[in-house]
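Using the sequences and the hints given, assemble the complete structure.
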Amino acid sequence: MQSSLKKSLYLGLAALSFASVAAVSTTASAKSAAKVTSDKVLTTDATKRNVNLTGTNAIYTKPGTVKGAKVVATTTTAKNLNKSTTSHENFRAYRVAKTNRGSIYYKVVSYNKVYRGWVYGGKSATAFAGGLTSYDTFKEGTLTADQKTGTYKLANPGKTEAGLTYKQPAWTQYKIGKTIADTTAYKDATFSVDKVGTRTREGDTWVHVVNQNTADTKADGWILLSNLTQTNAFNEQSQIKVNIKDTDGKTIKEFYYTAPSAKGLNSDVTSDVYGTNADSKTDFNTAFGKAVSAQVSGTGYTVAGTDSVNQSAKVLTGSTLNLVARKGDTVSMKVQPWAVSATPDQAGTHLTLKTTGTPASDAKNYNTVVTAGATMTTPFSGVEGQTFTSTDLVNNLTANKLNTLTSVKYAKVVTGDTTTYVNPDTAKADTAKDLTGVVKDGDHVQLFQTVYTLSGGVPGTFAKDGIAQALYTANEVKTTASATTPDAGNGSLFG
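Heads up: the sequence shown begins at 1496 in this note's numbering, then just goes up one per residue.
Result set (BS3-like, lysine-lysine): computed pairs, CA atoms no more than 25 Å apart in a straight line: (1) LYS1673 - LYS1543; (2) LYS1634 - LYS1578; (3) LYS1682 - LYS1654; (4) LYS1670 - LYS1654; (5) LYS1634 - LYS1662; (6) LYS1670 - LYS1713; (7) LYS1574 - LYS1543.
Between beta-carbon pairs, the in silico distance windows are: (8) LYS1618 - THR1571: 20 to 28 Å; (9) LYS1736 - ASP1683: 17 to 25 Å; (10) ALA1640 - VAL1531: 51 to 59 Å; (11) ASN1890 - THR1580: 22 to 30 Å; (12) GLY1636 - LYS1713: 22 to 30 Å; (13) VAL1878 - LYS1673: 24 to 32 Å.
The set of hints was computed from the structure by calculation and includes no laboratory data. Where is the CB? At the ideal position from N, CA and C, for every residue including glycine.
Structure below.
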């Protein structure tokens, strides 16, 4: 599978907080501003337009040198996104523009829709350059002999992400999602594997499964390898059984491991399991260590080869190797709210908690300065290394009564059907005469508020000092209160 055009174009979000004011303004002067001479939709194969930010150029609301262009993501943020370890922060290019100076800009959107805007792309419209580079979101690999002959069952059938199959490996193609919403009916189905590969950012292994009952292919699709349980008979001639339990004796995972040096039943395959690490200490060797890590990935447990309880003097084919998994610490995640616009050409916006302080300089920022009707009394917490879903985050915020956020009041000059933001410092009243030089005859000042409703969250993994992203949908409403200058200052994250 080719995921993007080769050799042509965290949550890896920068650790922003409510203290951050949402937008940075860089407006070109009328004399120096460039003009767009061409703006077209890209029509090439969408899968060949996956890109990564290089970090050398920011993302703007318009091509960066055009008058009125504002920064959506700084170069620092772009550098962080370049190194992101979550596929939610892959990007797709979908428009191309050219300025009268010969510069090329591409409009891009992150898969999680948090970032959308224009990035400088060099001087040629035939290849990504400048702030963008072509990116392979997924690299297809070669099936091992064991995978070719293996039969599997879903380890977590149902409606959770761990139990679903996808049309493409999750978040490797824009707006290409699950193949089926509920796999409960397939809890007893047996699947074979016909494709394998690795997601570039996470480095995890995904396989394409095919129902061996060929009359029903609705659940066929891509799934994380660790979300499958191999069911074909244990091969005692070449395999060992690996049983992973927690410190209380509860089984976490069981799997068969094929030893490369096996030569029949009771072969000594100790060297296929253990080696020596950089500190000259006994540890799992690389291949076996990866196999164990894949089994416990997302569970919140770790299995260390350096742990003496996990070391065995001799490992033979046909035997069982018992390993102990240790649970990670419970950590609390801060939650960062983002407004997700229903308008395709608008980027997601970081919402800032209102406190007393100096107002923002740009009146447009005021619709992103919000107040909450409650505080985060129950932290969003879990075992470090354990995955969480969008539903987990939504349930926590709902329990904390943080389903709705409301912006401070802000003013607009209304001319017929046209509205223009005005600096609230000059909008001290709601009559036109008090805005000398701003409001023309026939205009009036209208005050607004934006109401944000919780609509989802970005799945992730619990991590110390981590930040979870909550998504809110915006709805602007009129208000009849008098026009006053709101306070917008340093805020803090939920929690």
